[in-house]
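Q: If you want the building blocks of each chain, they are given just below.
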Amino acid sequence: MHDCAYFEAQGLPSAAVLSEMFLQQAHYQAGGLGLSQVAGLLNPVAHPISDQTVAQLHAKADACFDSVLGALLVGASTSEEKDDLNQPLLPAATDCMA
Amino acid sequence: MSLAGPTQLVDFLTRDASVVLDLLAGMMAQAMGQNCALINDCTVVLCPEHMDTLKKGGYASKEQVAHALWRRTNLRYAPCVGSTVYASLHLELKKNIVLAFIVGSLIGFFVRLAACLGIAQTCVPKFSSPESLHIVVAGADAGKFSAFVPGFGIGESPRSTARMSSAVSVEVRPTVGHAQWPLPEPESSEHIVVSPQGELDHKMLALAERKGVRALEEGCTVGLMDINKHNGDKVLDRLEATLRSRFPGISVNRYAKPTFFRPCPVPLREQIVRECSMVVLGLAD
Chain A
1 MHDCAYFEAQ
11 GLPSAAVLSE
21 MFLQQAHYQA
31 GGLGLSQVAG
41 LLNPVAHPIS
51 DQTVAQLHAK
61 ADACFDSVLG
71 ALLVGASTSE
81 EKDDLNQPLL
91 PAATDCMA
Chain B
99 MSLAGPTQLV
109 DFLTRDASVV
119 LDLLAGMMAQ
129 AMGQNCALIN
139 DCTVVLCPEH
149 MDTLKKGGYA
159 SKEQVAHALW
169 RRTNLRYAPC
179 VGSTVYASLH
189 LELKKNIVLA
199 FIVGSLIGFF
209 VRLAACLGIA
219 QTCVPKFSSP
229 ESLHIVVAGA
239 DAGKFSAFVP
249 GFGIGESPRS
259 TARMSSAVSV
269 EVRPTVGHAQ
279 WPLPEPESSE
289 HIVVSPQGEL
299 DHKMLALAER
309 KGVRALEEGC
319 TVGLMDINKH
329 NGDKVLDRLE
339 ATLRSRFPGI
349 SVNRYAKPTF
359 FRPCPVPLRE
369 QIVRECSMVV
379 LGLAD
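Just so you know, the protein sequences line up as chains A and B, in that order.
Following the numbering used here from start to finish, the first sequence increments by one per residue and tops out at 98.
Following the numbering used here from start to finish, the second sequence increments by one per residue and tops out at 383.
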């Protein structure tokens with residue numbers, strides 16, 4: 001959270017990927033850092049992480065990819081928050097394929 | 099119950115019930131010192147993740163866990179049995195040193211031989227019985243950190259150290275309940291509730307401006323910073339591959355900070371700000 005707060009203060013959009021089990025602590029710490037819109041930066045993945053196979057880890061990465069994009073591009077990681085922000089929306093996945 | 103100091107098992111990788119038990123047994127075999135056997139009580143605090151692993155491995159009850167742990171601890175304690183018998187005979191019971199050495203060596207030899215064959219000795223168990231192990235499941239949902247806490251009490255009556263302290267269960271009730279903020283006014287001057295929460299006076303920080311998807315379509319540089327926790331790099335690898343696939347014009351720079359438990363060093367932070375248009379940090383677990 002300290003790093004996220006620093007990057008945001010420097011004008012660099014950031015997204016944090018973290019275990020779902022640490023969401024509460026992340027919110028608490030972000031509040032202490034003055035990062036009130038932290039929900040838009042946090043991208044939880046299913047716990048656990050450390051004992052998972054590569055295939056399981058890739059599945060977790062795939063599951064949070066759109067959320068990470070949302071955090072980077074509009075500062076919101078849920079569709080509800082994206083709708084609230086009058087920002088350019090994410091392209092459809094097919095539009096982005098090479 | 100009076101207790102010895104707690105010992106913590108720090109684990110990240112174990113997915114097998116048998117390995118969890120072996121890790122714990124290996125540590126418990128050295129509880130209070132290698133020549134200390136027949137400990138009367140020991141509280142074993144299993145974290146929820148370890149308990150889940152044990153359940154998946156077929157251990158359906160705390161009793162099953164206690165029996166398995168007791169047996170494995172005795173197996174791991176086998177190399178110490180000979181010296182324990184020697185110390186008990188010579189130093190405690192004041193028997194002849196030669197006799198104590200011979201008896202200790204013989205017992206130690208056969209116990210080690212049995213252990214090599216996978217047979218756990220029970221003549222000098224580390225803990226008095228499987229019932230000596232009091233299994234408790236406690237702790238946060240995340241983190242494979244179990245612990246054990248031996249109680250005071252070694253050997254059996256009439257030994258002076260036997261049953262010095264016994265385990266009991268007593269309900270612990272919260273005394274003041276969950277703290278509400280702001281704290282309510284005390285009902286009288288006799289009752290003062292002080293909050294341990296700190297108060298910060300800081301400036302609110304707005305998020306950086308986002309430029310929408312055109313930033314990626316125009317080919318910006320995305321930074322991926324590994325905070326250096328185990329397996330985080332695998333998740334970032336996949337995110338990088340997907341990003342490159344969906345936005346072929348972008349550049350991706352990879353960074354890693356030296357340790358996850360401190361903020362990123364200033365030079366690396368500044369480098370990322372100079373080189374990137376946006377940054378993903380991960381993975382905190």
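It should be emphasised that the hints constitute simulated quantities derived from the structure, not laboratory data.
Heads up, the beta-carbon is just placed ideally off N, CA and C, and yes, glycines get one too.
Incorrect hints may have been included.
Listed next, the in silico SDA-like pairs over lysine to any residue satisfying Cα-Cα at most 20 Å (straight line) [unchecked claim]:
hint	chain 1	residue 1	chain 2	residue 2
1	B	K309	A	D51
2	B	K327	B	I290
3	B	K301	A	T53
4	B	K327	B	F243
5	B	K327	B	K301
6	B	K327	A	Q10
Simulated restraints, written as ranges between beta carbons of each label pair [stated by the list, open to error]:
hint	chain 1	residue 1	chain 2	residue 2	range
7	A	A63	B	N351	22 to 32 Å
8	A	Q10	B	S159	29 to 39 Å
9	A	L23	B	P104	21 to 31 Å
10	B	F110	A	A63	15 to 25 Å
11	A	Q25	B	S159	41 to 51 Å
According to the in silico footprint, chain A covers these stretches of chain B (three or more CB under 8 Å from chain A) [stated by the list, open to error]:
hint	segment
12	223 to 236
13	361 to 367
Q: May I ask which of the numbered hints given earlier this structure violates, with the numbers listed in increasing order?
A: Of the numbered hints given earlier, those the structure breaks are 1, 2, 3, 5, 6, 8, 11 and 12, listed in rising order.
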